[in-house]
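Novice: Based on the sequences and whatever the hints tell you, model everything.
Protein chains: 2
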Amino acid sequence: MNNFELYNPVKIIFGKDSIGSLPSLLQNHEKILFAFGGGSIKENGIYDQIKTALIHKDVYEFSGIEANPEYDTLMKAVELCRKCKIDFILAVGGGSVIDGCKFIANAVKFKKSDPWNILMGEQSDNALPLGCVLTLPATGSEMNPFSVISRRSMQQKKDFSSVHSYPVFSILDPSVTFSLPERQVINGIIDPFVHVTEQYLTYKVNSPLQDRQSEAILNTLIEEGPKALNNPKDYDVRANLMWCASNALNGVIGKGVPQDWATHQIGHMLTALYNLDHAQTLAIILPALLKHEFEFKKEKLVSYGKRVFNLDYSSDNKIASSAIDKTEKFFRSLGAKTRLSEYKISKKDLPDIAKKVMEVSKGNKLGENKRIGEDEILGILEIAWTAYD
Amino acid sequence: MNNFELYNPVKIIFGKDSIGSLPSLLQNHEKILFAFGGGSIKENGIYDQIKTALIHKDVYEFSGIEANPEYDTLMKAVELCRKCKIDFILAVGGGSVIDGCKFIANAVKFKKSDPWNILMGEQSDNALPLGCVLTLPATGSEMNPFSVISRRSMQQKKDFSSVHSYPVFSILDPSVTFSLPERQVINGIIDPFVHVTEQYLTYKVNSPLQDRQSEAILNTLIEEGPKALNNPKDYDVRANLMWCASNALNGVIGKGVPQDWATHQIGHMLTALYNLDHAQTLAIILPALLKHEFEFKKEKLVSYGKRVFNLDYSSDNKIASSAIDKTEKFFRSLGAKTRLSEYKISKKDLPDIAKKVMEVSKGNKLGENKRIGEDEILGILEIAWTAYD
Chain A
485 MNNFELYNPV KIIFGKDSIG SLPSLLQNHE KILFAFGGGS IKENGIYDQI
535 KTALIHKDVY EFSGIEANPE YDTLMKAVEL CRKCKIDFIL AVGGGSVIDG
585 CKFIANAVKF KKSDPWNILM GEQSDNALPL GCVLTLPATG SEMNPFSVIS
635 RRSMQQKKDF SSVHSYPVFS ILDPSVTFSL PERQVINGII DPFVHVTEQY
685 LTYKVNSPLQ DRQSEAILNT LIEEGPKALN NPKDYDVRAN LMWCASNALN
735 GVIGKGVPQD WATHQIGHML TALYNLDHAQ TLAIILPALL KHEFEFKKEK
785 LVSYGKRVFN LDYSSDNKIA SSAIDKTEKF FRSLGAKTRL SEYKISKKDL
835 PDIAKKVMEV SKGNKLGENK RIGEDEILGI LEIAWTAYD
Chain B
485 MNNFELYNPV KIIFGKDSIG SLPSLLQNHE KILFAFGGGS IKENGIYDQI
535 KTALIHKDVY EFSGIEANPE YDTLMKAVEL CRKCKIDFIL AVGGGSVIDG
585 CKFIANAVKF KKSDPWNILM GEQSDNALPL GCVLTLPATG SEMNPFSVIS
635 RRSMQQKKDF SSVHSYPVFS ILDPSVTFSL PERQVINGII DPFVHVTEQY
685 LTYKVNSPLQ DRQSEAILNT LIEEGPKALN NPKDYDVRAN LMWCASNALN
735 GVIGKGVPQD WATHQIGHML TALYNLDHAQ TLAIILPALL KHEFEFKKEK
785 LVSYGKRVFN LDYSSDNKIA SSAIDKTEKF FRSLGAKTRL SEYKISKKDL
835 PDIAKKVMEV SKGNKLGENK RIGEDEILGI LEIAWTAYD
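Residue numbers (the working numbering), protein chains in the order written: chain A, 485 to 873; chain B, 485 to 873.
Hint data in this document are derived by calculation from the structure and do not stem from the laboratory.
Note that this is a predicted model, so its numbers are computed, not measured.
Please note: incorrect hints may appear among the correct ones.
Claimed, not checked - Dumping the calculated DSSO-like pairs for lysine-lysine here, alpha-carbon to alpha-carbon at most 27 Å:
{"#": "1", "chain 1": "B", "residue 1": "Lys790", "chain 2": "B", "residue 2": "Lys802"}
{"#": "2", "chain 1": "B", "residue 1": "Lys688", "chain 2": "A", "residue 2": "Lys688"}
{"#": "3", "chain 1": "A", "residue 1": "Lys593", "chain 2": "B", "residue 2": "Lys495"}
{"#": "4", "chain 1": "A", "residue 1": "Lys688", "chain 2": "B", "residue 2": "Lys711"}
{"#": "5", "chain 1": "B", "residue 1": "Lys688", "chain 2": "A", "residue 2": "Lys500"}
{"#": "6", "chain 1": "A", "residue 1": "Lys495", "chain 2": "B", "residue 2": "Lys688"}
{"#": "7", "chain 1": "A", "residue 1": "Lys790", "chain 2": "B", "residue 2": "Lys810"}
{"#": "8", "chain 1": "B", "residue 1": "Lys854", "chain 2": "A", "residue 2": "Lys500"}
{"#": "9", "chain 1": "A", "residue 1": "Lys810", "chain 2": "B", "residue 2": "Lys790"}
{"#": "10", "chain 1": "B", "residue 1": "Lys821", "chain 2": "B", "residue 2": "Lys839"}
{"#": "11", "chain 1": "B", "residue 1": "Lys840", "chain 2": "A", "residue 2": "Lys854"}
{"#": "12", "chain 1": "A", "residue 1": "Lys711", "chain 2": "B", "residue 2": "Lys688"}
{"#": "13", "chain 1": "B", "residue 1": "Lys802", "chain 2": "A", "residue 2": "Lys790"}
{"#": "14", "chain 1": "A", "residue 1": "Lys790", "chain 2": "B", "residue 2": "Lys790"}
{"#": "15", "chain 1": "B", "residue 1": "Lys711", "chain 2": "A", "residue 2": "Lys790"}
{"#": "16", "chain 1": "B", "residue 1": "Lys717", "chain 2": "A", "residue 2": "Lys495"}
{"#": "17", "chain 1": "A", "residue 1": "Lys515", "chain 2": "A", "residue 2": "Lys595"}
{"#": "18", "chain 1": "A", "residue 1": "Lys515", "chain 2": "A", "residue 2": "Lys541"}
{"#": "19", "chain 1": "B", "residue 1": "Lys790", "chain 2": "A", "residue 2": "Lys802"}
{"#": "20", "chain 1": "A", "residue 1": "Lys717", "chain 2": "B", "residue 2": "Lys688"}
{"#": "21", "chain 1": "A", "residue 1": "Lys688", "chain 2": "B", "residue 2": "Lys495"}
{"#": "22", "chain 1": "A", "residue 1": "Lys782", "chain 2": "B", "residue 2": "Lys711"}
{"#": "23", "chain 1": "B", "residue 1": "Lys560", "chain 2": "B", "residue 2": "Lys535"}
{"#": "24", "chain 1": "B", "residue 1": "Lys790", "chain 2": "A", "residue 2": "Lys711"}
{"#": "25", "chain 1": "B", "residue 1": "Lys840", "chain 2": "B", "residue 2": "Lys828"}
{"#": "26", "chain 1": "B", "residue 1": "Lys642", "chain 2": "B", "residue 2": "Lys500"}
{"#": "27", "chain 1": "B", "residue 1": "Lys782", "chain 2": "A", "residue 2": "Lys711"}
{"#": "28", "chain 1": "B", "residue 1": "Lys854", "chain 2": "B", "residue 2": "Lys839"}
{"#": "29", "chain 1": "A", "residue 1": "Lys688", "chain 2": "B", "residue 2": "Lys790"}
{"#": "30", "chain 1": "A", "residue 1": "Lys849", "chain 2": "A", "residue 2": "Lys782"}
{"#": "31", "chain 1": "B", "residue 1": "Lys828", "chain 2": "B", "residue 2": "Lys642"}
{"#": "32", "chain 1": "A", "residue 1": "Lys717", "chain 2": "A", "residue 2": "Lys813"}
{"#": "33", "chain 1": "A", "residue 1": "Lys840", "chain 2": "A", "residue 2": "Lys828"}
{"#": "34", "chain 1": "A", "residue 1": "Lys782", "chain 2": "A", "residue 2": "Lys642"}
To be verified - The calculated label-pair distances, taken between Cβ atoms and stated as ranges, are:
{"#": "35", "chain 1": "A", "residue 1": "Lys569", "chain 2": "B", "residue 2": "Pro493", "range": "21 to 31 Å"}
{"#": "36", "chain 1": "B", "residue 1": "Gln511", "chain 2": "A", "residue 2": "Asn610", "range": "47 to 57 Å"}
{"#": "37", "chain 1": "B", "residue 1": "Thr536", "chain 2": "A", "residue 2": "Glu866", "range": "51 to 61 Å"}
{"#": "38", "chain 1": "B", "residue 1": "Arg635", "chain 2": "A", "residue 2": "Gln511", "range": "50 to 60 Å"}
{"#": "39", "chain 1": "A", "residue 1": "Ser597", "chain 2": "B", "residue 2": "Gln511", "range": "24 to 34 Å"}
{"#": "40", "chain 1": "A", "residue 1": "Lys831", "chain 2": "B", "residue 2": "Tyr687", "range": "53 to 63 Å"}
Just so you know, even glycine gets a beta-carbon here, dropped at the ideal spot from N, CA and C.
Specialist: Quick look at the structure:
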């Protein structure tokens, strides 16, 4: 096992009617930025619940944080926070709203230079406190310090992390997810699934607990995911998926083990260039990457095949390759596309995509072995482009 | 799944040479209480490592915190802390030292009445900050707010929990456990095992992720435990066991599910009366309790049998009862005794033990169903007393 540090001070309030905890959680704050995305929270009743809970506070609404939150939008919120002396940010939404609010919280206090520099690698010294009401479980942002921000004018999608970005609290009420559109439910299964594989399908370092903790999440997503699509109002199913998503990226399963994240880095570029949903890009890239990196990941793929898909062929190669096929079949069974060609992306674009991924990574090769460069990315994209049979 | 709150701000620094982090972790503190137990840390080199790391600090040593830490001993440390204006407590040891230091940390700041009242249920308002260097993985105390304190003059063993009791940091270097006596290694496998079963072998509430997270720990303990006894200097094995122990009682697996803890409550009394090691009591009581509560726990015992012991009989009853037998066999295979009679405790004592457990619980029945009263405890003790065949 590798050495590691683990720190996660987020307070999770999980369950039915947990939004009712808001007034006591906010008792030491007065000027609240109530930040959200589009109008869905007005349709499903959450907006009204929040307004009721904040009735004795000085509330400033900021709506319009888009999927893949946009730097220019967020900078307007930064200006509002500074002008109105906001002392707490309440993010109500999914990963995009929470990621956006993490950036706002850090940028408000970042005065030494242009806040864009936070996304270029400069560390922030401080941030406004942030609380979350999660409405779309997928990214795990409610229980980690990570944030991904887009700047469309520069065709950029950048991530940052700061110890000041941990939400003070996150409220997770599974029943608020009953009304999610099917596409979001599918994304909310695939995104945590690939968060786990990024931390699990690497190479062995003798970490049986972390391996099993990863398999626990994968098995639960495979078991519960289809139920959520078939029976959207089953509370326990929604609760299980919601808790899987937080556990997939709250830091625990990735401690002491190698991590990959190449699927995410390639996927981010597909979102930046073609506006695909984050999880849609992962469903395309993961199976192709596993095929391309087969020899380097084979040992873990065999464990994965045995313990997640119950495969018991005598040949390890067959178990490992079947595990990849089963992964893609699982994504497709949910209704996700898994090939670039299905999104009408031209094969001629692939070299340019590979080049741009390497530009964003500043030439640093990707993956747990740091062996995925421009040629390898192109190889992965070519596999991902072929027709599914 | 049940509603829950989860909060755990302990910073874990895990791995080889992690004691080297001490100076930076303590940079904002000057007057340090360096608290430990007996002389073992002087023999295995840890004492010297700590002294070197604290060379620029004002260090007050307090040794002699015993197994099942004694209230009267701890109160001497409280006095020392107050007199010398200690601003940080560094606990170096296992669960007893850490539990003891949690009490010291709270009691120093508890001035409204006799600190014994903290153990009688009064909430403390504050505590000195506490850091840990774990030398004996077992109780999980390094990553939770729980503490168990004994007061031998009153034949009492009481627990308390406070939000102020979370260690600020805990340093876990698996290599410091190479020199542990075999009995401690065995205890360090059984204690986390039973921490998990207390949160897992109850009744089903549709919580597949938590169930699998529990099974992940149990399977890893079963796999790695014997290796630690056979090859005490295998770093990865020690690392896996150490991380299992923290994960068994850091709050995660018990969130959203019923919890039992009757085995612990009965076991505490056996320690108070007969001075058995904590884990020794658990190895005796758990199998007997599972037999006595068979019908109420059967559904979970079946899952446990299938997924932890790979049992595949056609009869659920046979899977469940075999799972109990396998549990006891596992404890015995490590070298633990599993019957009261093996410790020469007289059968005539059993009614008195049962009565005393109920006195400590103030008449509240035990277990996840609150159905274990004096008669049931006696029944469990009688099963636990019979000879093992």
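Novice: Hint by hint, which ones does the structure fall short of?
Specialist: 2, 11, 16, 26, 34, 36 and 38
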